[in-house]
Every structure is written in C-alpha cells, then in structure tokens.
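Student: Work the whole structure out from these sequences, hints included.
Chains A and B are the protein sequences, given in the same order.
Just so it is clear: in the first sequence, position 89 is 89 by the working numbering, and no numbers are missing.
Just so it is clear: in the second sequence, position 21 is 21 by the working numbering, and no numbers are missing.
If you are wondering where the hints come from, they were derived from the structure by calculation, not from laboratory data.
Please note: incorrect hints may appear among the correct ones.
[Claimed, not checked] Calculated cross-link-like contacts (lysine-lysine; reagent style DSSO-like; alpha-carbon spacing at most 30 Å): (1) A:K49 - B:K13; (2) A:K49 - A:K61; (3) B:K1 - A:K61; (4) B:K13 - B:K57; (5) B:K1 - B:K57; (6) A:K49 - B:K1.
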Amino acid sequence: AQSVTQPDIHITVSEGASLELRCNYSYGATPYLFWYVQSPGQGLQLLLKYFSGDTLVQGIKGFEAEFKRSQSSFNLRKPSVHWSDAAEYFCAVGPITGTASKLTFGTGTRLQVTL
Amino acid sequence: KAGVTQTPRYLIKTRGQQVTLSCSPISGHRSVSWYQQTPGQGLQFLFEYFSETQRNKGNFPGRFSGRQFSNSRSEMNVSTLELGDSALYLCASSLGQGRYNEQFFGPGTRLTVL
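Tutor: Below is the structure:
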C-alpha cells in the first residue's frame, strides 16, 4: 500500500530564511503527489501537485517542489519565508487506481516562523 | 464561485448519540470525499461519493456512513458516538472521479464528543 512519510514534525525558521520540508513516499507505480497547507481552524489548501513531466513544480504563494524518483522524495521549498507561512503542511499521494480519488496523507510538518 | 461549505462548523455531542454532518460541494462538482483528522491518527480517508454512489470506503467501522444527493450535496452520519470520534471532519469536492481531479477542501466540522 502506498504511504507518505514526513520526517519533520516541527520546523522553526526565521522570516526571510529559506525553507525545505521533506516528504518521502512509497508507491507501486507512477506517483501523483501533492502538497497542502492548513492554517489554524481552516481546511486544506492545495499548494502544488505533480502528475508527470517536469520534475520541478511551481505552486502558489512562491512554493515549489522537486520530484526525485531515485530518492522517492517530493520536497517542498521556498526561497524566503514570510510570517504568514506559519501553518501545517501536508504531503499526500494520490491513488494507484485511476477511478479513485482517495488521498493518503503524511503526518504533517508544523512550520513556525520567527520574526 | 463559492467554495466547499460544511455545516455545522462546530458540534458538541455526548457518547452514544448520533450526529449528521453536511457538505455542499463547489457548484458543478460531482465527487465528494470525507476525511477524519485527529492529532493521533492524522488525516484518514473515510469514503468517497460520486453520482450518489459510494465508490470507495476507508477502514472505519460501520457506525460511519454517508450518502450523496442528486444535487451532489453529501452528508455523513456517525452513530453511537465514542470519545475517539472527536475530530475535525473534512469534506473535499472535485469535478469528477479519479486521481486526475483536484480536490478542494472545506473548512471542516469540529466534532467534540463528551
């Protein structure tokens, strides 16, 4: 069964510093990968997704992610973090079968931004 | 275009009671999925509905059920509530079924079981 691992539970960065959130997946076929962000008391917002093609994916709010098949990773990056980026970030993998919509999520990484 | 709406936003129930949560998808979206989010288990898939039919189900007991109406609105029901059912329940909608369809999440319903 597919699974997603986010090894960092909590990360603290200074405003203006660069950010990298790690995500590793286990998947039996070509993965469909997503990054979502959740602000306190809110639902999930899609930051970016990877289905195929260019392994460097650009998303909203200045985020990007790079798919590395050899490392089974899909790390999220941002060159300069803003205080408003403080939130919880979830990596997810889509289903293997084409007709299902189920997402399998990692446990999340909580980002704290210091001023 | 309005986003996914969930009602109520907050709910307090006692053990043994039952509860019904509602989800209105984005206009034109026909697929609705439900997820449970808890600090201990994280985000877990409950079930997915498309064209009023349950297409997929997660690993939850039969106390958890749902349905979808002809206008794509969906409800989920939890009977005989247990303390462990306290969670944020998230609904997501997409245009169609399948992994190519982006899912849009609602703000969730926070259920507290006392």
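Student: Take the hints in turn and mark each one as holding or not.
Tutor: Each hint tested on the structure:
At most 30 Å may separate the alpha-carbon atoms for a hinted pair to count; K49 (chain A) and K13 (chain B) exceed this at roughly 37 Å. Distance restraint check for K49 (chain A) and K61 (chain A): the Cα-Cα separation of roughly 14 Å lies within the 30 Å cut-off, and the hinted pair is therefore satisfied. For the hint linking K1 (chain B) to K61 (chain A), the alpha-carbon distance of about 21 Å falls within 30 Å, and the restraint holds. As the CA atoms of K13 (chain B) and K57 (chain B) are separated by approximately 25 Å, the hinted pair is consistent with the 30 Å bound.
Our distance criterion of 30 Å between C-alpha atoms is met by K1 (chain B) and K57 (chain B), whose separation comes to about 29 Å. Between the alpha carbons of K49 (chain A) and K1 (chain B) the distance comes to roughly 22 Å, so the proposed pair stays at or under 30 Å and holds.
Violated hint for the displayed structure: number 1, the only one.
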